[in-house]
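Engineer: This is what each chain is made of:
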Amino acid sequence: MELKDKLISSFLAFEEAFDVDSDIHEVRSNAIKEFESLGFPSKKEEDWKYTSLNTVLKHDYSVFPKKEDALEYRDIKKYLIHDIDTYKLVFIDGIYSSHLSETTHDKIDVCLMSSALSKSKYKPIIDAYFNKIVPKNGLNSLNTAFSKEGAFIHIHKNKLADKPIQIVNFSTGNESALMVQPRNLIVVDENSQAQIIERHQSLTDHPVFTNSVTEIFAGKRAIVDYYKIQNDRASASLIDNTFVEQQEESVCSMHTFSFGGKLTRNNLNFYQRGERCDSTMKGITIIEDKQHVDHNTLVHHIFPNCESHQDYKGIFDENSTGVFNGKVLVEKEAQKINAFQSNNNILLDDKATINSKPQLEIFADDVKCSHGCTIGQLDEESLFYLRARGIPLKEARALLMYAFANNVLESVRIPELKKRITSQIALKLGVSLGFDL
Amino acid sequence: MLKITNLHANIEDKEILKGINLEINPGEVHAIMGPNGSGKSTLSSVIAGKEEYEMTEGEIIFEGGDLTELDPEERSHKGIFLSFQYPVEIPGVSVTNFMKASLNAHRKANGQEDMPANEMLKMIREKSELLEMDRKFLSRSLNQGFSGGEKKRNEIFQMAMLNPKLAILDETDSGLDIDALKIVANGVNKLKSKDNAVLVITHYQRLLDYIVPDFVHVMLDGKIVKSGTKELAYELEERGYDWIKQEQL
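If you read the sequences in order, they're chains A and W. Under the working numbering, the first residue of the first sequence is numbered 5, with each subsequent residue one higher. Under the working numbering, the first residue of the second sequence is numbered -11, with each subsequent residue one higher.
Derived by calculation from the structure, the hints in this document are not laboratory data. Here the structure is a predicted model, which is why all the values come from computation and not from measurement. Be aware that one or more of the hints could be misleading.
[Unchecked claim] Residues of chain A clear of chain W, computed beta-carbon distances all greater than 10 angstroms:
1. S124
2. I137
3. F247
4. E311
5. N342
6. S374
7. E385
8. E414
9. I418
[Stated by the list, open to error] These stretches of chain W come out as covered by chain A in the derived footprint (C-beta under 8 angstroms, 3 or more residues):
10. 34 to 47
11. 58 to 65
12. 134 to 143
[What the hints assert, rightly or not] What follows is a list of derived Cβ distance ranges for each label pair:
13. W/M43 <-> A/H375: 40 to 50 angstroms
14. A/E420 <-> W/L118: 32 to 42 angstroms
15. W/E45 <-> A/D87: 57 to 67 angstroms
Built from N, CA and C at the ideal position, the CB exists for glycine as well.
Construct the entire structure; sequences and hints are all you get.
Structural biologist: In structure tokens form, the structure reads like this:
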């Protein structure tokens, strides 16, 4: 059976397990109908021209994991930022693991989507925010239809999440092939702050297909820093759909570190719904083999006096392919905005490919918008300089790659995370540089 | 120490060096002067092993061994140091970390362990004082946003750290004001010994007031056409290169 048909026929069984009288029931039922008519995207669609899901969709995925797998902390420690205190929401094959997690309801809510969807005390938040900024397409509708579990984070007005929050999704390989669809909702109220780190990690070589949807709402003057670590196995594919809505004077940043996985697609949209918003989207992609990473971004400038900054760096080796499709849409009312976009790529191998496509649609007349895209190799003069100082070719190349990606790291505001990413880059480049980067 | 015989080198099939002969012994300071485009910087790059130049004839013998087949890093490990005319910027890698990478790469090539961190820091401090460098300088990203003078001081600082047998200073005086020039020259002079040698490549005699050469060579159109003592440099400063060109005809 085709995956699409399998999912549609699984829906009834899935939905019957819930309270069919709830409001969400209707949302889910509508969503499965949308998925039925829209299906999975194909390369015929402009936004999917360079990314084909064919090799991902061909597996016979289990849609419901059969049993909870008990992982121990020592099995997963290395995938966590463990040297600092954090809240943790850990999911194993899509199921919440209470013994590995650390939640809170003390002034802020860091808990589960399943309880937020079912408990009446969360109903006002769910009614106000759930599925409100998710564009209608096959993948999003599919996630909504099966939305059940994920992270629910609500930082109340004037509160500060006192430590970073980690959302970690493990897949164990208990199923021969597994599809998971995490659904996250993050609401950061007026004058509040949160730092969130998200990771998807497969623990075996069995195929895993994650189709995740995250909605993030930043209230007036809220500050949200979000970090995604995508360093998965070659059998794991991820479609990450993340939507951020900002109220006035809020500051939101998204850093995406893509170091591995079979196919990774990031659909990332920022919607500015107030004046003086600041949106940052940055990414470092370092891949090789036949890996594929696709960044599809949108910044929607609707109000005046806002800023957006996009900076994506990519290093592609062997047969890897990258896509950057960055759209900046400036409405007529959005005067005096600054929108910057830059996408720089290094191809280390003749067989590596990057498709970079900036798109600017500007309807206002008093704005500063810039975009730049480069594709090149490592600078020979710089390599010679390092080698003339005795640094061997491999290490010299690694140093230059690090230098190339460095400005994306500079804005990472959790020092331990920055250190971790840096050492992952060194590991990725396979070198010891004689010092800790 | 260095013996270059009949060196010919091309870049993209264009011959730049057309038969260079040069011998440098330990303890000596040599200067190569010449107009723009005469091949001075090419010569320094070829000695340091830059791959875009193709050696078509001749040989470069350093400490009794042929350099031709060696990579730039191997030449560095053997004790050749090139101070660049245009040092490159490496964002995100501090001067200190870069120096650690460089020095430890040398140690590794010589079969030594990494230098202990405290020893390294002590050495970095010592050598940076020699070049009158600000402590803050050491934690800045390598050459990023450095002034011309800071870049050149940083080059000589690296030279002090690596203690090469042969230092080639390629246009080290360009972009330096007189104070920076004195500091750089003073640094080079303090590093001089009877066991090492310096090859200064310059347009102007000015630097040679501070780094006094034993021999001065004039390079024209890919060849060394005249050699002499430091007096030759003064003569060049006064009379330019045309009279030598005339002599050649």
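Engineer: For A/E385, which was marked as not at the interface, is the minimum beta-carbon distance to chain W over 10 angstroms?
Structural biologist: Check fails; 6 angstroms does not lie beyond 10 angstroms.
Engineer: Minimum Cβ separation between A/I418 and chain W greater than 10 angstroms?
Structural biologist: holds (17 angstroms)
Engineer: Is it true that the C-beta distance of A/E420 to W/L118 lies inside 32 to 42 angstroms, as the hint says?
Structural biologist: Once the Cβ atoms are compared, 37 angstroms apart, the range 32 to 42 angstroms for W/L118 and A/E420 holds.
Engineer: Report holds if the minimum CB distance from A/S124 to chain W is greater than 10 angstroms, and violated otherwise.
Structural biologist: holds (51 angstroms)
Engineer: Does the claim that A/S374 lies off the interface hold, with its Cβ farther than 10 angstroms from every Cβ of chain W?
Structural biologist: holds (20 angstroms)
Engineer: Do the Cβ positions of W/M43 and A/H375 conform to the proposed distance bound of 40 to 50 angstroms?
Structural biologist: At 44 angstroms between Cβs, range holds.
Engineer: Closest CB-CB distance from A/F247 to chain W, is it above 10 angstroms?
Structural biologist: holds (31 angstroms)
Engineer: Any Cβ of chain W at or closer than 10 angstroms to A/E414, or is the non-interface label fine?
Structural biologist: Since the minimum Cβ distance to chain W is about 8 angstroms, A/E414 lies within 10 angstroms and the statement is violated.
Engineer: Counting residues of the region 58 to 65 of chain W whose CB is closer than 8 angstroms to a CB in chain A, do you get three or more?
Structural biologist: holds (count 6)
Engineer: Should the label of A/I137 as a non-interface residue stand, given a Cβ cut-off of 10 angstroms to chain W?
Structural biologist: It holds; A/I137 is separated from chain W by about 35 angstroms at its closest Cβ, greater than 10 angstroms.
Engineer: Count the residues of the region 34 to 47 of chain W whose Cβ falls closer than 8 angstroms to any Cβ of chain A, and tell me whether that reaches three.
Structural biologist: Three-residue rule met by the region 34 to 47 of chain W, so holds; n is 5.
Engineer: Does the region 134 to 143 of chain W contain three or more residues whose Cβ lies closer than 8 angstroms to a Cβ of chain A?
Structural biologist: violated (count 0)
Comparing the model with each numbered hint stated earlier shows that hints 7, 8 and 12 do not hold.
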